[in-house]
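The numbering used here puts the first residue of the sequence shown at 32, with every later residue one more than the last.
Hints should not be assumed to be uniformly reliable.
[Stated by the list, open to error] Beta-carbon label-pair distances, calculated as ranges:
1. Q293 - P137: 34 to 40 Å
2. A173 - R131: 17 to 23 Å
3. N176 - N230: 27 to 33 Å
4. T308 - G178: 51 to 57 Å
5. P269 - N230: 32 to 38 Å
6. A290 - P116: 39 to 45 Å
7. P204 - P229: 17 to 23 Å
8. E117 - M139: 26 to 32 Å
9. D113 - A290: 37 to 43 Å
Read the hints as simulated data drawn from the structure, not as lab findings. All values reported here derive from a predicted model rather than from experimental measurement. Ideal Cβ positions, reconstructed from N, Cα and C, are used throughout, including at glycine.
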Amino acid sequence: MDSEKNSPNHPDSANHPGSAQSPQSAEPGSPRLIRRKTVLRAALAATAAVPLVLAGAPALARTLAASGKAPELTPSCDDGDDPTPEQIEGPYFKPNSPQRSSLLEPGMPGTPLTVTGYVFGRACLPISGVLLDFWQADTNGAYDNTGFRLRGHQFTNAQGAFTLTTIVPGLYPGRTRHLHAKVQAPGRPILTTQLYFPNEPRNATDTIFDPRLLMTVRDAGGGREASFDFVLDVPQDPGQPPTTPPPSGTWAVGTAYRAGDQVTYAGRTYLCQQPHTAQPGWEPPNVPALWLPA
Numbered sequence: 032m033d034s035e036k037n038s039p040n041h042p043d044s045a046n047h048p049g050s051a052q053s054p055q056s057a058e059p060g061s062p063r064l065i066r067r068k069t070v071l072r073a074a075l076a077a078t079a080a081v082p083l084v085l086a087g088a089p090a091l092a093r094t095l096a097a098s099g100k101a102p103e104l105t106p107s108c109d110d111g112d113d114p115t116p117e118q119i120e121g122p123y124f125k126p127n128s129p130q131r132s133s134l135l136e137p138g139m140p141g142t143p144l145t146v147t148g149y150v151f152g153r154a155c156l157p158i159s160g161v162l163l164d165f166w167q168a169d170t171n172g173a174y175d176n177t178g179f180r181l182r183g184h185q186f187t188n189a190q191g192a193f194t195l196t197t198i199v200p201g202l203y204p205g206r207t208r209h210l211h212a213k214v215q216a217p218g219r220p221i222l223t224t225q226l227y228f229p230n231e232p233r234n235a236t237d238t239i240f241d242p243r244l245l246m247t248v249r250d251a252g253g254g255r256e257a258s259f260d261f262v263l264d265v266p267q268d269p270g271q272p273p274t275t276p277p278p279s280g281t282w283a284v285g286t287a288y289r290a291g292d293q294v295t296y297a298g299r300t301y302l303c304q305q306p307h308t309a310q311p312g313w314e315p316p317n318v319p320a321l322w323l324p325a
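Using the sequences and the accompanying hints, generate a full structural model.
This is the structure we're talking about:
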C-alpha cells in the first residue's frame with residue numbers, strides 16, 4: 032500500500048503547485064471576539080437537554096461520544112495549541128475556482144452535505160476574510176478535471192464563519208472518503224489539508240488518513256451535516272479588545288433567561304431553549320443550544 036501511495040500514478044501522490052486567490056471580494060470588517068472555550072462550556076452544559084442542535088458555532092457541533100463524555104475538539108483551539116495539520120494536495124487541485132459557498136448543481140446525484148465551522152488563529156480568535164477553497168470527488172468517486180464541478184472558493188464572514196453546501200464525496204481506489212481544502216488568512220501562507228468522515232471502514236487502511244482531521248457528522252433531513260473548525264498558524268493577541276461594536280438588540284450579558292423568553296439580536300428575534308444566565312460569547316447566533324431563531 033505504501034509503495035502504491037508513493038507511485039506517481041496514485042491519485043494523491045502528486046503535489047502540484049497552485050496559487051490561492053486573494054480575498055479581494057471579502058466583506059471588510061474585523062473579527063468579533065468569540066471565546067471558543069467559553070462557548071464550549073455553554074455547549075457542554077446544554078448537551079444533556081439538547082444533544083442534537085449543537086451546530087453552527089465555535090465547538091458547538093462536537094457531539095457526545097458513546098461513553099457520554101465530550102470528545103476533544105478536532106483540533107482543540109487553546110492558547111499556544113498546534114494549528115490544523117497539513118496534508119498533501121494531490122493531483123486534482125485546480126486554481127481559479129468560482130467563488131461560491133454551494134457546489135450543488137441541478138440534477139447532481141448524491142447525498143446532500145452541509146459543512147459549517149469557523150477559522151481561528153493561535154489565540155482562538157476568529158479570523159475574517161479567510162480564503163477557503165474546496166474540491167472533491169462526485170458520488171461515483173470521480174473528479175472534474177476539465178471544468179469546476181464540485182469546486183469552489185469562499186471567504187469567512189466578519190465572525191470567521193463559513194458554510195459549504197455540497198454532496199458526500201464518493202470513494203475511489205486507495206482512499207477513504209474525504210474533502211480537500213486550501214485555507215489562507217489574508218497575507219499568510221496557505222494551509223493545504225483534507226477533511227475526513229468518522230466511522231468509515233477505509234479510515235483504517237488509508238495511509239494518508241489523520242484522525243485529527245475528522246469532522247463531526249450527523250444525519251439530518253435526508254442529508255448529512257458536518258462541522259469542522261480550522262486553526263491557522265496566525266499569531267494573535269488574546270487580550271485585544273473588539274474592534275467593532277456589538278450588534279444592537281434586547282439580549283444582554285448578565286440577564287437570567289428562561290425557556291421561552293424572546294430577545295432580539297443584530298436585527299433578528301430568538302427564542303430561549305433552556306434557562307441560563309447570558310455571558311460574553313453566548314450571543315444567540317453563536318449558541319443554537321440556547322437560542323433558536325423565532
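What hint numbers does the structure not satisfy? none
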